[in-house]
Amino acid sequence: MSTQVSAGKHTVEQVEAVTIRFVGDSGDGMQLTGTEFTRASALAGNDLATFPDYPAEIRAPAGSLYGVSGYQVNFGAREIHTPGDAPDVLVAMNPAALKTNLADLKPGGMLLVNAGAFTAGNLEKAGYKTNPLEDAALTQTYKLVPVDMNKLTETALAGSGLSSKEVARCKNYFALGLMYWLYSRPIEPQLEAIQRKFAKKPEFASANAAVFKAGHAYGETSEVFYQRYQVPASKLAAGTYRNVTGNFATALGFATVARLTGRQVFLGSYPITPATEILQEMSYFKEHGVVTYQAEDEIAGIGSAIGAAFGGALACTSTSGPGLALKTEMMGLAVITELPLVIVNVQRGGPSTGMPTKTEQADLLMALFGRHGEAPMPVLAAQSPADCFWSAIEAMKIATKWMTPVLLLTDGYLGNGSEPFKVPSLDELPKLQVKYQTVPNYADGAQYMPYLRDDKLVRPWAVPGTPGLEHRVGGLEKDSLSGMVSYDGMNHERMVKTRAQKIRNVVEDVPDVETFGAASGDLLLVSWGGTFGAVRGAAEELQARGKAVSHVHLRWLNPLPKNLGEVLRRFKKVFVPEVNDGQLAFYLRGKFPGVDPLQFNRINGKPIKIGELVGKVLEVL
Amino acid sequence: MSTNGQNVNTALPTYTKKDFESGVDPRWCPGCGDYSIINQVQRALPAVGVKRENIVFISGIGCSSRFPYYMNNYGMHTLHGRAPSFASGLKVSRPELQVWIVTGDGDALAIGGNHFIHAMRRNLDLKMLLFNNRIYGLTKGQVSPTSELGKKTKTTPHGSPDYPFNPPALALGAGATFVARTIDVEGAHMGGVLKAAAEHKGSTLVEVFQNCPVFNDGAYEFLTDKAVKADALLRMEQGKPLVFGKDNKKGIRFNPQSAELEVVTIGDGGVTEKDILVHDATREDPTIAFMLANLSMKPGFPTPIGVFRNVRMPTCEELTWQIIDGAKAKKPDASLEKLLAGSDTWTIG
Numbered sequence: 001m002s003t004q005v006s007a008g009k010h011t012v013e014q015v016e017a018v019t020i021r022f023v024g025d026s027g028d029g030m031q032l033t034g035t036e037f038t039r040a041s042a043l044a045g046n047d048l049a050t051f052p053d054y055p056a057e058i059r060a061p062a063g064s065l066y067g068v069s070g071y072q073v074n075f076g077a078r079e080i081h082t083p084g085d086a087p088d089v090l091v092a093m094n095p096a097a098l099k100t101n102l103a104d105l106k107p108g109g110m111l112l113v114n115a116g117a118f119t120a121g122n123l124e125k126a127g128y129k130t131n132p133l134e135d136a137a138l139t140q141t142y143k144l145v146p147v148d149m150n151k152l153t154e155t156a157l158a159g160s161g162l163s164s165k166e167v168a169r170c171k172n173y174f175a176l177g178l179m180y181w182l183y184s185r186p187i188e189p190q191l192e193a194i195q196r197k198f199a200k201k202p203e204f205a206s207a208n209a210a211v212f213k214a215g216h217a218y219g220e221t222s223e224v225f226y227q228r229y230q231v232p233a234s235k236l237a238a239g240t241y242r243n244v245t246g247n248f249a250t251a252l253g254f255a256t257v258a259r260l261t262g263r264q265v266f267l268g269s270y271p272i273t274p275a276t277e278i279l280q281e282m283s284y285f286k287e288h289g290v291v292t293y294q295a296e297d298e299i300a301g302i303g304s305a306i307g308a309a310f311g312g313a314l315a316c317t318s319t320s321g322p323g324l325a326l327k328t329e330m331m332g333l334a335v336i337t338e339l340p341l342v343i344v345n346v347q348r349g350g351p352s353t354g355m356p357t358k359t360e361q362a363d364l365l366m367a368l369f370g371r372h373g374e375a376p377m378p379v380l381a382a383q384s385p386a387d388c389f390w391s392a393i394e395a396m397k398i399a400t401k402w403m404t405p406v407l408l409l410t411d412g413y414l415g416n417g418s419e420p421f422k423v424p425s426l427d428e429l430p431k432l433q434v435k436y437q438t439v440p441n442y443a444d445g446a447q448y449m450p451y452l453r454d455d456k457l458v459r460p461w462a463v464p465g466t467p468g469l470e471h472r473v474g475g476l477e478k479d480s481l482s483g484m485v486s487y488d489g490m491n492h493e494r495m496v497k498t499r500a501q502k503i504r505n506v507v508e509d510v511p512d513v514e515t516f517g518a519a520s521g522d523l524l525l526v527s528w529g530g531t532f533g534a535v536r537g538a539a540e541e542l543q544a545r546g547k548a549v550s551h552v553h554l555r556w557l558n559p560l561p562k563n564l565g566e567v568l569r570r571f572k573k574v575f576v577p578e579v580n581d582g583q584l585a586f587y588l589r590g591k592f593p594g595v596d597p598l599q600f601n602r603i604n605g606k607p608i609k610i611g612e613l614v615g616k617v618l619e620v621l
Numbered sequence: 001m002s003t004n005g006q007n008v009n010t011a012l013p014t015y016t017k018k019d020f021e022s023g024v025d026p027r028w029c030p031g032c033g034d035y036s037i038i039n040q041v042q043r044a045l046p047a048v049g050v051k052r053e054n055i056v057f058i059s060g061i062g063c064s065s066r067f068p069y070y071m072n073n074y075g076m077h078t079l080h081g082r083a084p085s086f087a088s089g090l091k092v093s094r095p096e097l098q099v100w101i102v103t104g105d106g107d108a109l110a111i112g113g114n115h116f117i118h119a120m121r122r123n124l125d126l127k128m129l130l131f132n133n134r135i136y137g138l139t140k141g142q143v144s145p146t147s148e149l150g151k152k153t154k155t156t157p158h159g160s161p162d163y164p165f166n167p168p169a170l171a172l173g174a175g176a177t178f179v180a181r182t183i184d185v186e187g188a189h190m191g192g193v194l195k196a197a198a199e200h201k202g203s204t205l206v207e208v209f210q211n212c213p214v215f216n217d218g219a220y221e222f223l224t225d226k227a228v229k230a231d232a233l234l235r236m237e238q239g240k241p242l243v244f245g246k247d248n249k250k251g252i253r254f255n256p257q258s259a260e261l262e263v264v265t266i267g268d269g270g271v272t273e274k275d276i277l278v279h280d281a282t283r284e285d286p287t288i289a290f291m292l293a294n295l296s297m298k299p300g301f302p303t304p305i306g307v308f309r310n311v312r313m314p315t316c317e318e319l320t321w322q323i324i325d326g327a328k329a330k331k332p333d334a335s336l337e338k339l340l341a342g343s344d345t346w347t348i349g
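Sequence lines, in order, name chains X and S. The letter at position 278 of the first sequence is residue 278 when you use the numbering used here, and the numbering goes up by one with no holes. The letter at position 322 of the second sequence is residue 322 when you use the numbering used here, and the numbering goes up by one with no holes.
Bear in mind the hints are in silico, worked out from the structure with no lab data behind them. None of these values were measured; they are calculated from a predicted model. Errors might be hidden in some of the hints.
Unchecked claim - In silico DMTMM-like links for lysine to aspartate or glutamate, alpha-carbon gap of 25 angstroms or less:
no.	chain 1	residue 1	chain 2	residue 2
1	X	K422	X	D148
2	X	K435	S	D280
3	S	K330	X	D148
4	X	K106	X	E619
5	S	K201	S	D280
6	S	K298	S	D344
7	S	K274	S	D247
8	S	K338	X	E540
9	S	K195	X	D88
10	X	K235	X	D454
11	S	K17	X	E277
12	X	K200	S	E96
13	X	K572	X	E541
14	X	K547	X	D522
15	X	K165	X	D135
16	X	K431	S	E96
17	S	K249	S	E260
18	S	K338	X	D427
19	X	K502	X	D427
20	X	K431	X	D455
21	S	K18	X	E619
22	S	K331	X	D454
23	X	K129	X	D148
24	X	K151	X	E223
25	X	K431	S	D333
26	X	K235	S	D333
27	X	K201	S	D19
28	S	K51	X	E134
Take the sequences, apply the hints, and build the full model.
Right, dumping it as structure tokens:
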């Protein structure tokens, strides 16, 4: 659905939603171009979702196929669930970027290429025998717009005094300026952003601004484009918004906990893709009561957090799959000492180093069961970048309320992807209470028993500095009351069962699942974590086609919501799409005998697409 | 107020040794050197001027690591080799606590080697007691990273083919600001070293030569046997010449030609007491301390005990909190509302 209005010499077509993908060399600044365009879309009031897709190499050899870095943004006047299945517009900065991404572009979509980069050398590196821009098939299938951005950037910067290498690095701003023009964005906020970004290097600020304006002017004057587009503001709920990535939102959530409780939040961590930003962002939140500690390795990252938790801090650690593997012994210690701790796992492609910069959901079973001994812990998964904020707060709330480590699962797609985050008012935030034991709790106040539990089986938290409550915790099994080392077999059995029951009790804080769509029907889509958006989008589309398909999404994986079994059994078929080889499906089969979910598993490092999921569901309906 | 909002009472009661005993009977083998170490620690603590509840003992895994259970302080018995990681997090989070680490040669230097060097280099005020018995005791007698070359153990029946660590040298190399060595049977000496360690602010290693009567009995007889002790032990004392031997006639001299330490005898070949190196643990440059630490590895040289290095430098936790306090001072109007809103927002409706 679109409407046309006339504006100057170009008509402006109103469109409801657009997906644009920027692709280029890993040194071409595509991530910056994508985030800046996203910012402009957010400021224009669009709902949006983004998907950065970059290689593991920092600067792969220029022009190579494996060095291509991309950033996809889907923005619209309607609710946006995912970064978009297939781009409507592909901005390709060189032949390698064209070759690796062209297949994804929608037929009839706009293909904007930097024709200046289509040199014999670059064509050869990309494996093209002839110049694809001269291929008639390309112009028949797509709206091809070749623009020599290299030359136009050089012209814009003639006499600037910059070296040719420096000039070349500005060309992404040409592409950005052109896209601003094409999507009718005001340029002033971007000019201000350039001034801020390059405040310390004014010569680059003015160069990038000049190139950006040249790109914008090119759209207006070149007569290449016969129309512009406008995506109206979406009907998001009234409020103040900011654009957040999942990793930033996680960090923001933890900092919010420090403010809400007045207690120190301690993050012990070690850099690992794609989780590093959590540590980076939190190190900027010191004034809010956050302490960050970059440890010597993954094990020390969680060790430092457990040490801080023993001292009374609200402790957390952040990592990705391989780091989670290293932390497993420590997680067992956190379970047996019953200290509050949040472990954030930003999942990535595995096993081993796997695909560090690509997303995956394949750590679910490890999160649930991947420790030696009987070591259950609550597991929560964020469903969108903004939800990482709420999940971080919720995880810390559960950890401190129940005196337990909590695993928070996000993934590379959520961590790096972004969406608008409605800034909550203070009364929308959860209430968090952190209580330390300050007096002896046994024998009429004569003794402190670290494992004397309340009616929910939660043990008290007494921290160093509290006189009279001196006690020892540790990895050896403890007497179920005194906390002294105990080798008594029946005591061990009692402690194992008590710890398990305590985690089962957490279900009182797990909301029931809500069914999106009818309460019963032919097929129920069940998702968890980062697939929420794609599955919700597919459910909407299937329902619009009149199919009896509903959707439930699991944020809590342990304990599972109380009503889940009942909901699953109301549908003829249960269908679980996952970015792994079927881990939730396996878990549900064990938890709910008789329920045998159909599966759709994508393990290609990318989020599931709405269209392919709709197709798979239609096949089995 | 402490760093995490806890109230910490600073008035100090008068303690006796008993106040630091948890009441749990230690379960070390009869004759184990660990008994004398815990005895000296419990004797030393009443005088260090820190309240019992503000002292934390953190250990890893091994015989020595049962130590916290026998102390009436806050304590954590953690994972093999990892004690420094917990201690580091706790110290950064709560710098007002006095944090001790109790570890052994396998715990600290094999599985925990990485944490060991980083704890030393960071200069967090962590006081590490390394019980060195040169053997794996709790697993019943395997070669350890401090076992001597050629040592026959259950896993090296033909003799160990690998070279041992020298813990003080390793700690100095990693940047520790306090490094000392003492012996389980030298109670008074150990007491003095522990007091100095307690008073130091910064990364602290106290190596204790500790006899394992079951799996490595007599490991330190070459130092502790009365017949050889005087010639084998070099007692380093601050500001005093490094002399040893029956009549303190032997000494350590720095040879400027070879840039090495050498053993000389006062009175021989014109050597006078003035030629003997005067011990100064406060030298900022750790080179001489490193040379002294390595003496025990060289045949014909005595084994030094005492304090190798004692240098005050800003600690990691002091610097960390300077930065945090600086960030807070710079943004006195920081608030939850500002945190949530950030700087780049738009409004709908």
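Verification of the supplied hints:
At most 25 angstroms may separate the alpha-carbon atoms for a hinted pair to count; K422/X and D148/X exceed this at roughly 40 angstroms. Only pairs whose Cα atoms come within 25 angstroms are accepted, and K435/X paired with D280/S is rejected, the gap being roughly 49 angstroms. Between K330/S and D148/X the alpha-carbon distance is near 47 angstroms, which puts this suggested pair outside the 25 angstroms criterion. Note on K106/X and E619/X: the hinted pairing holds, with a Cα-Cα distance of about 23 angstroms set against a maximum of 25 angstroms.
Taking the CA atoms of K201/S and D280/S, the gap is about 18 angstroms. The hint holds against a cut of 25 angstroms. Among the hinted pairs, K298/S with D344/S is inconsistent with the structure: their alpha-carbon atoms are about 66 angstroms apart, more than 25 angstroms. A C-alpha spacing of about 17 angstroms is found between K274/S and D247/S, which places the hinted pair at or below 25 angstroms, so the restraint holds. Restraint check for K338/S and E540/X: not satisfied, since their Cα atoms lie roughly 36 angstroms apart, outside the 25 angstroms limit.
Note on K195/S and D88/X: the hinted pairing is violated, with a Cα-Cα distance of about 73 angstroms set against a maximum of 25 angstroms. Proximity of K235/X to D454/X is assessed by CA-CA distance (about 47 angstroms); at most 25 angstroms being required, the pair is judged violated. Of the supplied pair hints, the one linking K17/S and E277/X is violated, its CA atoms being roughly 49 angstroms apart against a limit of 25 angstroms. At roughly 40 angstroms between alpha-carbon atoms, K200/X and E96/S are farther apart than 25 angstroms, so this suggested pair is violated.
A distance of roughly 19 angstroms separates the Cα atoms of K572/X and E541/X; the hinted pair therefore holds under the 25 angstroms criterion. Between the alpha carbons of K547/X and D522/X the distance comes to roughly 8 angstroms, so the proposed pair stays at or under 25 angstroms and holds. Restraint check for K165/X and D135/X: not satisfied, since their Cα atoms lie roughly 30 angstroms apart, outside the 25 angstroms limit. Distance hint between K431/X and E96/S is unfulfilled; the C-alpha atoms sit about 29 angstroms from each other, more than 25 angstroms.
Between the alpha carbons of K249/S and E260/S the distance comes to roughly 20 angstroms, so the proposed pair stays at or under 25 angstroms and holds. For the hint linking K338/S to D427/X, the alpha-carbon distance of about 15 angstroms falls within 25 angstroms, and the restraint holds. Under the criterion of a C-alpha separation no larger than 25 angstroms, the hint pairing K502/X with D427/X is inconsistent with the structure, at around 29 angstroms. Restraint check: the Cα-Cα separation between K431/X and D455/X comes to about 21 angstroms, which is no more than 25 angstroms; the hinted pair holds.
Between K18/S and E619/X the alpha-carbon distance is near 77 angstroms, which puts this suggested pair outside the 25 angstroms criterion. Taken as a hint, the K331/S and D454/X pair is broken in the structure, with Cα atoms around 41 angstroms apart against an allowance of 25 angstroms. Distance restraint check for K129/X and D148/X: the Cα-Cα separation of roughly 20 angstroms lies within the 25 angstroms cut-off, and the hinted pair is therefore satisfied. Distance check on the hinted pair: K151/X and E223/X sit about 18 angstroms apart at the alpha-carbon level, within 25 angstroms; holds.
This hinted pair checks out: K431/X and D333/S have alpha carbons roughly 23 angstroms apart, not beyond 25 angstroms. Distance check on the hinted pair: K235/X and D333/S sit about 34 angstroms apart at the alpha-carbon level, beyond 25 angstroms; violated. Annotation: proposed proximity of K201/X to D19/S is violated, straight-line Cα distance about 63 angstroms (limit 25 angstroms). For the given pair, K51/S sits about 82 angstroms from E134/X by alpha-carbon distance, which is inconsistent with the 25 angstroms threshold.
Of the numbered hints stated above, those contradicted by the structure are hints 1, 2, 3, 6, 8, 9, 10, 11, 12, 15, 16, 19, 21, 22, 26, 27, 28, listed in ascending order.
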